[in-house]
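Colleague: This is what each chain is made of:
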Amino acid sequence: MRYSLASLLLNAVSGQSRWSPAWRSPEPAGHYDVVIVGGGGHGLATAHYLAKHHNVGRIAVIEKGYVGSGNVGRNTTIIRSNYLLPGNTAFYELSLKLWEGLEQDINFNAMVSQRGVLNLCHTDAQRDAYVRRGNAMRLNGVDAELLDADQVRAFVPFFNFDNARFPVKGGLLQKRGGTVRHDAVAWGYARAADRRGVDIIQHCEVTGLRIDKGVVTGVETTKGFIGAGKVALAGAGHSSRLAAMAGMRLPIESHVLQAFVSEALKPMIDTVVTFGAGHFYVSQSDKGGLVFGGDIDGYNSYAQRGNLPVVEDVMESAMALWPALGRVRLLRSWGGVMDMSMDGSPIIDKMPVENLYLNAGWCYGGFKATPGSGFCFAHLIANDQPHPVADRLLLDRFTRGALIDEKGVGAQPNLH
Amino acid sequence: MRLPCPYCGERDSREFTYRGDAGPTRPEADEAMADYVYLRDNPLGWHKEYWLHTVCRTWLVVERNTVTHAVGTVVPARNQRAAS
Amino acid sequence: MSGFRLAQGGIVERSTVLGFSFDGQKLQGFKGDSLASALLANGVGLVGRSFKYHRPRGLFGAGAEEPNALVTLGSGDRTEPNIRATTVELSAQLQATSQNRWPSLAFDVMGINNLLSGVLAAGFYYKTFMWPAALWEKLYEPLIRRAAGLGKAANLPDPDRYEQGNLFCDLLVIGSGPAGLNAALVAGRAGARVIVCEDDFAFGGRLLSEQYEIGKAGAGQWLAACLAELESLPNVRLMARATVFGVYDGGSYGVVQRLVPEGVVPEAFHARQCLWRIVARQSLLASGAIERPMVFAGNDRPGIMLGSAVRTYLNRYGVAAGKRLVVHTSHDEGWTTAFDAQAAGIETCVVETRDTVHADLIAKAHRFAVRVVLGGRIIDTRGAQGLTRVTIATDRYQEHIDCDGLAVSNGWNPTLHLTCHHNNKPVWDGPRACFVPQHLPQGMRLAGAVTGDFSLKDALSQGWQQGAAVAEDCGFKPAAFEALSCSDDPQEGVSVWSVAGKGKAFIDLQHDVTSDDIVLAHREGYRSVEHLKRYTTLGMGTDQGKTSNVTGLAVMAGLCGTGIAEVGTTVFRPPYTPVAIGALAGAHRDRHFRPTRLSAAHQWAVEQGAVFVETGLWLRTQYVPKSGETHWRETVDREVLAVRAGVGLCDVSTLGKIEVQGRDAAAFLDFVYCNLISTLPVGRTRYGLMLREDGFVMDDGTVARLGEQHFLISTTTAQAVAVMNHLDFCHQVHHPAWDVRMVSVTERWTQLAIAGPQSRALLQRALGQTIDLSDGATPYLACRNFMLAEGVPARLFRVSFSGELAYELAVPADYGDAVVRHLAQPGREFGLTLYGTEAMGVMRIEKGHVAGNELNGTTTARDLGLEKMMSRKKDFIGRVMAQRPALQADDRPQLVGFKPVDPAARMTAGAHFLPIGHPATIGHDQGYMTSVAYSPHCGCLIGLGLLQHGPQRIGERVRAYDALRGLDTLVEIVSPVFVDPKGERLHG
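Residue numbers (this note's numbering), protein chains in the order written: chain A, 14 to 429; chain B, 358 to 441; chain C, 363 to 1350.
Excised from the complex, chain A in its bound form (with noise of 0.2 Å):
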């Protein structure tokens, strides 16, 4: 049933007995022309548009576990595409414009509310830096606004400004950023999807990839071979497993990373800030709670927990940017693995098996990418062409030197 005005009242006086289930629980069939491995936002994402947008035939999403269990539901909602790099601030801006007509696309409310994203800056040189960026941004169309320390204190008046260790400065401020209700993404795009006709199966693990003479042909998995034309891998941490199925390795670690959210209250912030002098961000949910996180814990890990100094490392930047948190209290906190890249960008490209395609290393960023992740790695699948604005996202670029390293760390997964 399409939900609109109409069908909510119909249910309100039906006692919410009209509905039916979001999406199908379908059996594998034995064949799909294209199956795509990882039922989190970026799998599904993917189904939804080669669905809508290319005709490729049958499509199946295969997830291990339920439908949006891995990091589309334990993010901090943040979405924004105030990057720098070419490579990366055109493709993530395709993702922000992605976003911006989602609910109308997927008829799913995702509470996609552009309450703007503010990175403060505590030094001249972090300043010059976003200065760089910011006009990268524009130069892409994108926009942003710098701040001074003035209007800083303006928008956010009680952060710590007067008795700081590292004051602000300024701040970087892209308007259109914000959040999104991360679990409806999943929801609302496996929605879109199955009504299109893509087959969503939940519990049914990939076991091994089946290749013949360099050309894959389908996947084993828990639930019985399932024969493919083209796998999409779509894995986030999972993926360097993957890529061992089909013989490779990946410029890819796997690491941990915490989320926080606090007990509901009522509105204290309106808008997304991240500290510039420690690993801090935070935004409030519309539910109340303040959602916020920090650093990767900074060693290899497929555990979906962290550990106690990371915490401590968290609030201790929570507490000295915004005073006011020291009687907030922590209700919960988790751990995603993210499939962090080797410069910090992702990778949307074919593999060297033909007909098998990788979307991986999104780092702590994927959450944002959600919407054009999927855009640009299905026109890679219909096409086997990258889509312009991901034309640079390529496996290659680690053997030729063209990274899109935005920290400027090299190639140490936990400094990205």
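Among the hints, erroneous ones may be present.
[Stated by the list, open to error] List time: in silico PhoX-like cross-link candidates among lysine-lysine, alpha-carbon distance up to 25 Å:
(1) C:Lys578 to C:Lys726
(2) C:Lys500 to A:Lys279
(3) C:Lys866 to A:Lys300
(4) C:Lys787 to A:Lys236
(5) A:Lys65 to A:Lys110
(6) C:Lys514 to A:Lys300
[Said to hold, decoys possible] Here chain B is said to cover these stretches of chain A; the calculated rule only asks that three of the stretch's residues, wherever they fall, bring their Cβ under 8 Å from a Cβ of chain B:
(7) 260-269
(8) 310-319
Hints listed in this document are in silico derivations from the structure and should not be mistaken for laboratory results. These numbers come from a predicted model, not from an experiment. Each residue gets a CB set at the ideal place from its N, CA and C atoms; glycine is no exception.
Using the hints, position chains B and C against chain A.
Modeller: Below, chains B and C alone, put in the same frame as chain A:
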């Protein structure tokens, strides 16, 4: 997390700095350098990795499980080839 | 509800009366009360409003499980929202306020949501508010945000202090009920280091809430004796008000201890809370269990409580939950509630869902004159703001019973949250009808009700056995277990998850998740536990579903036609209960967020009136204004001109300094620097450039050869730690056999740059005969060890960042202050000017020296015009990767200088270069300005930047485009060396 430094005993992970996979060795051949710098096994499970104990300045090769975070044997990196 | 204080009973101190307030109303309680028990004793039944429908709510539990009774404590900057009244230790003058209601708790306008509940079903917001799209952010979302949230935080700086500490033990006991205490006793007696953490403000756990007997006496006597003995043991530490909130790796536990009761202002300089990091060889989780409610129509009214909570109020606090009590139970425990209440003089009726129970219970009910209804269900309740009546139904009849209290008992859920913190899922135990832990975090053991064995006898014996086992593992010899006689508490029961009836039946009381919401989630396919939780928000409130999760799963299992085991459960994540962010941050706030590093010459700079700037953790002199100077630029211009015309002094101690020694030191430095170091003669200094293994520039600095096998290298301030780690790595991992040793001496030496044409004269005056500074003896790039005075070794380097004749003088940091003052003496005669990082920055840009803005981690030696430094005669870190095609590409932006065509025009760092006559789009982007400064020498702004084909375009013009600042400045491409391009001034 707690890591046993062979010289200093078991210490909190705050005293250590992580570097990454201790598997690859810096190659003699130029052609192998890109793989050495960029490609990783990234295993699910046991992983040999470099940690610096910043207190005694020893680079260690730590065997650690990437799923359970359990810590296995720890040897100074300077002895690793002798040990393996 | 009309609770009241009984004339006797409980363990509160009736002699100590404490005044407190709730919503402004002045009330009294006793020492030993919780805020909840004191409210109940005063007959306060309505304590809060629910999250979504704003329904009136009362106390539901008596501990951490409480979903309803959230209050705001304190006022002003000490306002603390969302505090569970059930866990607050009552204190004098405690000020509590209800929340999430307007205008008052009794009359809440948002209660209208209750009438709209037909529309506001689970997940309704995902299906609407989409038309028209623009209204989401303008109208719908602001409304939702205002309506959502619970308490209101003050948003004022937290005035209180927090501490942090580390503790180590053999056994960490979590929970001080009978199991935990017995474990502590046996392990403590055996000599093990034991820490007992108790969440509550009193030790004893369920012993405080029940009328148990241990040995031949009441449990209270056993508890008192046990605590007295534990307190007497020096190896045992008892910690009350200490919540173990998280289990981390390697036996690390996060514990937050409330040093004062919530709502109490700590004494001056005392902390409010302490974060303990406890490292335990083993832990024993003895956290007990939380009682389960039943789901029936109207089960959320004030006056409806868990049976265990009713007994806690009765037995621990001497407070009756009502004058007429109905017990709705499917378990024998419910009968205990009835007997305890009836014994206290409260008229009680048991509505038992089972048709038959043990004959002893029936007999006892007779003795106590408790009315019993077997095979009964509650199908409706009444009472607008507090329970007044329940409707019971049996197979044969329906009946209204007037009552003001209803105790609900439906078995127990083990409090196993901490067992899940390493992602271990509990498993469903069919016979015992509860989830029990299966896999535990390394080093954790269980005892008592958390295992799913709910009897006192089990708790005592398991506690002892587990405590003894830990002691043995740690090398102690514990005593053998001796069973104590104790009361046998009732065990039997069935699980009744949901009772059919008309009207809303709540599962999650805080988030207003009803059984209908679970039905809807099931209908829409949100059936997996995580989907159920996320779609309905079941268990996502501040109580994290302690009374609702399992019930919700059971209802879903019923709808799916499967067992609870198949549905599974979610994983509980840290923290166990919410933790104040202030406690996790400790003292790291305001100016103490991070340590501040000061040079040994800092105090002298302060005396000179220096303005300081943060450089990493260091504070460095930024500039030193003189009286009468009105703008920082005026000061900086003066400092620059003073150095170029006379002599200036700048503290450069913050640069990283690393001593490298050994037979292979030269070979090692050849390996880590891209240029050749081994050819450097003793007594000379050379500029060194270090690459990362990926071929990009990592850092630069100087290398001084103090001896054949002795080098001193410098790093940038920012990279000092990274370079040291890198060098140790290169040695220990790549070349462990090489004879080389290195140590960071950054903090051991104070280093002062003395620059300007008069620098030699000044230094010679100050240093006297200790060193010959003549060009012959100390030429450009010389380095010297010498004795500044008896016992004061010093080093002199003739290096220059400013382009002037210059020296860097290094002395042991202990003498830094004395030496800078020693230089300042003759300095007065020479007009010595203290200059800071700003003037240094101007001069380095004037000389085209690269610094942090250019060494940004994405530039190559070639980009910076330093390609020739990369030696072809040796291997070095980064050599191979630097040869990659994209790093050699012709169109990579390269370093050049810039001047505005109009000398008065503004030019900014961060501007991008665009060709003249083309639109401002990314396709025309040719590079960016890295550094800009005003050059008094040039009389205009000058800049360094990276521009495509820059070195071939000297003399051309481009636009420096800074859209953020609205600037589009025509600039001329010039050589990056603006002052003294031939380098003649270096020689004075």
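Colleague: Next step is simple, just say for each hint if it's right about the structure.
Modeller: Now the hints, each set against the structure:
no. : hint                 : verdict
1   : C:Lys578 to C:Lys726 : holds (22 Å)
2   : C:Lys500 to A:Lys279 : holds (18 Å)
3   : C:Lys866 to A:Lys300 : holds (22 Å)
4   : C:Lys787 to A:Lys236 : holds (24 Å)
5   : A:Lys65 to A:Lys110  : holds (17 Å)
6   : C:Lys514 to A:Lys300 : holds (13 Å)
7   : 260-269              : holds (count 6)
8   : 310-319              : holds (count 6)
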